[in-house]
Amino acid sequence: MWQLRRENAAPAAAIELPNALGETLGRVASSHDLGRAIDSVLRAKRFRWFTCVLSPPAVGGSTSEIVWTSLPPAWTKHYCRARYENLDPRLVQTRNRFTPILWDAATIGGDWRIAHFLADAARFGVKSGVALSVDDRMLGRLTFMFDSDVTPVDPARKKFVLETLGDLMLTASAIHEIVLSPRLNARQAEVAVASPLTHRELDCISLAARGMTSGDIGTKLGITKRGVNFHVANIVRKLGVLNRHEAIAKGVARGIIRIEF
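Using the working numbering, the first residue of the sequence shown is number 1, and each one after it goes up by one.
In short, the hints are calculated from the structure, not lab data. All C-beta atoms in this analysis are idealised placements derived from N, C-alpha and C, irrespective of residue type, glycine included. It cannot be assumed that every hint is accurate.
As the list claims (entries may be wrong) - Simulated pairs of lysine-lysine, DSS-like, Cα-Cα distance not exceeding 30 Å: (1) 158 - 45; (2) 250 - 238; (3) 225 - 250; (4) 250 - 220.
Said to hold, decoys possible - For each label pair, taking beta carbons as the anchor points, the in silico distance ranges come out as: (5) 36 - 107: 28 to 34 Å; (6) 135 - 76: 55 to 61 Å; (7) 225 - 80: 51 to 57 Å; (8) 165 - 86: 24 to 30 Å; (9) 108 - 76: 55 to 61 Å; (10) 39 - 220: 53 to 59 Å; (11) 246 - 93: 29 to 35 Å; (12) 237 - 113: 29 to 35 Å; (13) 221 - 177: 34 to 40 Å; (14) 253 - 46: 49 to 55 Å.
Start from the sequences and build out the full structure, keeping to the hints where you can.
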């Protein structure tokens with residue numbers, strides 16, 4: 001049974017995917033439709049389970065969260081209770097990595113804790129598969145897992161999986177857009193509402209982000225250079241940074257300002 005945490009899937013009217021994948025995921029209208037669509041992809045690519053895990057930016061107390069999975073609720077609860085995100089090779093081995101990993105429980109080494117995780121996972125049919133992660137600027141690190149109950153993985157199976165990696169990566173991108181867009185939209189709305197800058201301060205920092213000097217900004221806005229520097233000083237103070245360059249970087253990262261050329 002598919003489990004979607006917190007949000008319903010957002011509609012996706014036109015996601016370009018190859019062949020049957022495009023037909024399957026291109027017109028998803030609800031989380032139920034998405035579950036059936038991913039099941040179709042899993043069958044075509046000979047996987048059994050799919051899971052999406054969100055690991056927030058490294059902030060004290062933050063933990064990874066399973067936001068979408070086809071695995072049984074019993075495994076999800078056990079996984080979270082045991083804090084397996086700290087041991088799971090699919091998460092650990094995809095950190096700071098852009099390319100997918102192929103994993104097989106039969107070939108993974110490690111201490112007794114990892115062996116215990118693999119034994120637990122095997123009870124639910126998670127024994128091998130593909131994992132890949134992407135860094136989302138606003139949400140954190142997203143890890144997409146396509147799992148199989150096959151182990152050990154023989155050369156024929158490995159060859160087949162390698163040939164499907166491109167489709168799996170495109171599928172993960174589509175699922176990212178469909179499932180997590182409600183979170184992204186909500187976060188953007190929060191940032192917009194929480195912007196601490198006045199309209200004039202936003203004008204100044206946006207122009208500064210385009211490389212304009214205080215004098216240029218003053219001419220553009222019809223105020224003095226001293227007035228521009230006054231607004232920039234307020235921006236630096238409000239954003240808790242040291243200078244205008246840091247203010248620009250933080251403003252862009254938080255979505256307060258956009259650099260348009």
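Range hint compliance [Cβ, residue 165 to residue 86, 24 to 30 Å]: At roughly 27 Å between Cβ atoms, residue 86 and residue 165 fall inside 24 to 30 Å, so the hint holds.
Cβ separation of residue 108 and residue 76, checked against the hinted range 55 to 61 Å: Given a distance of about 21 Å, which is not inside 55 to 61 Å, the answer is violated.
Residue 237 paired with residue 113, Cβ distance criterion 29 to 35 Å: Since the Cβ atoms of residue 237 and residue 113 sit about 47 Å apart, the hinted range of 29 to 35 Å is violated.
Supplied distance hint 34 to 40 Å, evaluated on CB atoms of residue 221 and residue 177: At roughly 38 Å between Cβ atoms, residue 177 and residue 221 fall inside 34 to 40 Å, so the hint holds.
Cβ separation of residue 225 and residue 80, checked against the hinted range 51 to 57 Å: holds (56 Å)
Residue 93 and residue 246 - C-beta distance against the hinted 29 to 35 Å: Since the Cβ atoms of residue 246 and residue 93 sit about 34 Å apart, the hinted range of 29 to 35 Å holds.
Residue 76 and residue 135 - C-beta distance against the hinted 55 to 61 Å: violated (24 Å)
Given pair status - residue 250, residue 225, alpha carbons within 30 Å: holds (23 Å)
Holds or violated: residue 250 to residue 220, with C-alpha atoms at most 30 Å apart: holds (23 Å)
Agreement of residue 158 and residue 45 with the hint, judged by alpha carbon distance not exceeding 30 Å: Roughly 12 Å between the alpha carbons, so the hint for residue 158 and residue 45 holds.
Range hint compliance [Cβ, residue 253 to residue 46, 49 to 55 Å]: At 40 Å between Cβs, range violated.
Given pair status - residue 238, residue 250, alpha carbons within 30 Å: holds (11 Å)
The structure is inconsistent with the numbered hints 6, 9, 12, 14, although it conforms to all the rest.
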